[in-house]
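Trainee: These protein sequence lines are chains A and B, in that order.
Here the first sequence is numbered in our numbering, starting from 1 and rising by one per residue.
Here the second sequence is numbered in our numbering, starting from 213 and rising by one per residue.
Certain hints may be false.
Said to hold, decoys possible - Among chain B residues calculated to face chain A with C-beta under 7 Å, some are: (1) L222; (2) A223; (3) A273; (4) L276; (5) V277; (6) F279; (7) S282; (8) E320; (9) L327; (10) E349; (11) L353; (12) V357; (13) R363.
Claimed, not checked - Over the 10 Å line for every Cβ pair with chain B, so calculated as not near, a few chain A residues: (14) F88; (15) V165; (16) L166; (17) S173.
What the hints assert, rightly or not - Here are the simulated lysine to aspartate or glutamate pairs, EDC-like style, with alpha carbons at most 20 Å apart: (18) B:K639 <-> B:E532; (19) A:K171 <-> B:D364; (20) B:K559 <-> B:E481; (21) A:K171 <-> B:E481; (22) B:K374 <-> B:D313; (23) B:K410 <-> B:E481.
Hints listed in this document are in silico derivations from the structure and should not be mistaken for laboratory results.
Just so it is clear, the structure is predicted and the values come from calculations on it, not from any experiment.
All C-beta atoms, glycine included, are put in the ideal place defined by N, C-alpha and C.
In case you want the letters, here they are:
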Amino acid sequence: MILPALFFYLFAGVCVASAVMVIVSRNPVHSVLYLILAFVNASGLFVLMGAEFLAMILIVVYVGAVAVLFLFVIMMLDVDFLELREGFIEYLPVGLVIGGIFLFELLLTVGFWVINPGVTKTITAAIPANVPNTEALGLVLYTKYIHYFQLAGMVLLVAMIGAIVLTLRHKASVKRQDINVQNARTPEMAMAMRKVASGQGLSDADAAEWVK
Amino acid sequence: MSFETAGYQLAPVVPELVLAVGSMALLMLGAYRGQGTTKAVTTLAVLLLVATGVLELWLPAGKLVTFGGSFIVDDFARFLKVLALIGSGVTLVISTEFLADPSRRIFEYAILVLLSTLGMMVLISAGDLISLYLGLELMSLALYVVAASNRDNAKSTEAGLKYFVLGALSSGMLLYGSSLIYGFTGTISFAGIAASAKTANVGLVFGLVFLLAGLCFKVSAVPFHMWTPDVYEGAPTPVTAFFASAPKVAALAVFTRATLTAFPGILGEWQQILVFVAIASMLLGAFAGIGQTNIKRLMGYSSIGHMGFALLGLAAGTPEGAQGVLVYIAIYVAMTLGAFVVILAMKRNGVSVENISDFAGLSRTNPLLAFFFMMLLFSLAGAPPLAGFFAKWYVFVAAVKANMFTLAVIGVLSSVVGAYYYLAIVKTMYFDEPAGRVDPVRVELRTVLAITGLFNIFFFAYPAPLVSMASAAAKSLF
Numbered sequence: 001m002i003l004p005a006l007f008f009y010l011f012a013g014v015c016v017a018s019a020v021m022v023i024v025s026r027n028p029v030h031s032v033l034y035l036i037l038a039f040v041n042a043s044g045l046f047v048l049m050g051a052e053f054l055a056m057i058l059i060v061v062y063v064g065a066v067a068v069l070f071l072f073v074i075m076m077l078d079v080d081f082l083e084l085r086e087g088f089i090e091y092l093p094v095g096l097v098i099g100g101i102f103l104f105e106l107l108l109t110v111g112f113w114v115i116n117p118g119v120t121k122t123i124t125a126a127i128p129a130n131v132p133n134t135e136a137l138g139l140v141l142y143t144k145y146i147h148y149f150q151l152a153g154m155v156l157l158v159a160m161i162g163a164i165v166l167t168l169r170h171k172a173s174v175k176r177q178d179i180n181v182q183n184a185r186t187p188e189m190a191m192a193m194r195k196v197a198s199g200q201g202l203s204d205a206d207a208a209e210w211v212k
Numbered sequence: 213m214s215f216e217t218a219g220y221q222l223a224p225v226v227p228e229l230v231l232a233v234g235s236m237a238l239l240m241l242g243a244y245r246g247q248g249t250t251k252a253v254t255t256l257a258v259l260l261l262v263a264t265g266v267l268e269l270w271l272p273a274g275k276l277v278t279f280g281g282s283f284i285v286d287d288f289a290r291f292l293k294v295l296a297l298i299g300s301g302v303t304l305v306i307s308t309e310f311l312a313d314p315s316r317r318i319f320e321y322a323i324l325v326l327l328s329t330l331g332m333m334v335l336i337s338a339g340d341l342i343s344l345y346l347g348l349e350l351m352s353l354a355l356y357v358v359a360a361s362n363r364d365n366a367k368s369t370e371a372g373l374k375y376f377v378l379g380a381l382s383s384g385m386l387l388y389g390s391s392l393i394y395g396f397t398g399t400i401s402f403a404g405i406a407a408s409a410k411t412a413n414v415g416l417v418f419g420l421v422f423l424l425a426g427l428c429f430k431v432s433a434v435p436f437h438m439w440t441p442d443v444y445e446g447a448p449t450p451v452t453a454f455f456a457s458a459p460k461v462a463a464l465a466v467f468t469r470a471t472l473t474a475f476p477g478i479l480g481e482w483q484q485i486l487v488f489v490a491i492a493s494m495l496l497g498a499f500a501g502i503g504q505t506n507i508k509r510l511m512g513y514s515s516i517g518h519m520g521f522a523l524l525g526l527a528a529g530t531p532e533g534a535q536g537v538l539v540y541i542a543i544y545v546a547m548t549l550g551a552f553v554v555i556l557a558m559k560r561n562g563v564s565v566e567n568i569s570d571f572a573g574l575s576r577t578n579p580l581l582a583f584f585f586m587m588l589l590f591s592l593a594g595a596p597p598l599a600g601f602f603a604k605w606y607v608f609v610a611a612v613k614a615n616m617f618t619l620a621v622i623g624v625l626s627s628v629v630g631a632y633y634y635l636a637i638v639k640t641m642y643f644d645e646p647a648g649r650v651d652p653v654r655v656e657l658r659t660v661l662a663i664t665g666l667f668n669i670f671f672f673a674y675p676a677p678l679v680s681m682a683s684a685a686a687k688s689l690f
């Protein structure tokens, strides 16, 4: 009984601490690394709750893809993070007021939820017993929800086509690799023997042929 | 855990499957054979749309439900799917010239139109909130890309970006509304919501408002219309013709199905919203169009007004009202496509002209084009005995039968105001000094113009087939 509680406090504590570090660290790369730490700990919390599928997805998608993408963006774009933080003190009062309102609303909702017996606590579909939740998802995803699954696939296909249509440009000046042509290349095609008279060098026409 | 195959037949989705697999096959063709295949891909895409339409009509009659109720094929769905397929097919046909330009040979254009049409078909058949959302996203995402497809043109990219940002906002509102509805009814299927939502409670109505706001954005009804004129003006003209036809059909279809089948218990609540939206759209469409000088912007305001009239029929909440909506949207598609063909045909020395002043004296330089455009404009204005008059007639009759006299009177008055700017174009064409010769009209444009124009002129002689089909389609919802 004590062990899960210990692990919960370990994961939760590290998660909150690294979330704070995401905001306060001066180096944006450190921020992203702390974000990854927060994600890993959150997935640990999911494992404790018995939601191992969500835990693995969190690591695969958020750590494996999203956070790495963040790192790429930070390294490629020259964003001055100090400049972004300049107005921090001026906007602090407004931020505190909005945060206060959110906290108040959250307490109101939670309070209402706890006090009112008529409110449905959680609306969940029946969870099949004796089946790990990855398997439970697999059992319905490709059968009961095949329609949604296929449609989501079509939406992603359109997104891919759209990205290519709007951004791909074939430039004539770019030299492309054609493996068939490379394999079919013979010494005769690649080399030309010339007799160069001493003191004269090659003419411009010959030079143009070399560039090809 | 046994999987019940009873509610999961594939037969009702055969047209959609053919369209999806066919568009992916065409994508492969284009991707491997290069942009030189643009013409072949476009032609095959039109044939694929025709095949899909034939398969749709070939399905067994009656109401077919599959995927546990999330996909419904009934007379309503068949009617609107065929209409949407016609809209997309005609769009591809009239895009031939746009795609023939060497700088714009993009075979993906046809693929995106096909995938967008797939989204429309899913949307029209949607039986729950998730398939509604997925269909809407599939349709819209492809539309954002085709809006920006002329990517070297600043206006086109601006149109695409504007449409994308505002579309994402409306999707957010729709999802927020859907989650509230799910939270307060405990189900996402329209039938389940209808069984659960017998009385209005605050949370449910809140969700309903957000859901309708998201849908209003897609049909460009006031107050969610701001994007329409800019996107219509900025997007390439064939794309604008597409925006004004097929997606409007699908969005109006889901609007009708969602309100009538999921919320019949709280009719009074959504009726108020629709009455406001219809009045505001009709008035804005009538007044804001007056000062326009660009014909595509004008068509944008015109479509806002027309959506107001269509929603007026829906606001009645009766089978007659739904029938009115269906007749309206069918005739609207014919009128709009015809009008856009004329706009596409307006070229001087190979350059498209889009200002209303460029139409000056068209009756003397190209009398046939001017005559058809005049008939289409009169029809858009709702002058008898053209098709546009009958479209308005059915929605007004439905509104009057539902005792919404004020709404009907405001509708008639705003259609009179709106007639001003249509007549102003007729005056420019027939009484002003010619602004120069226009280029000869291409054969595919002439064909589409002849079909839509003659449909508009002679609809009064034999309206029975369309009206009876719309009536059967409307009855399948009740």
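Trainee: Which numbered hints are broken by the structure, listed smallest first?
Mentor: 1, 2, 3, 4, 5, 15, 16, 18, 20, 21 and 22
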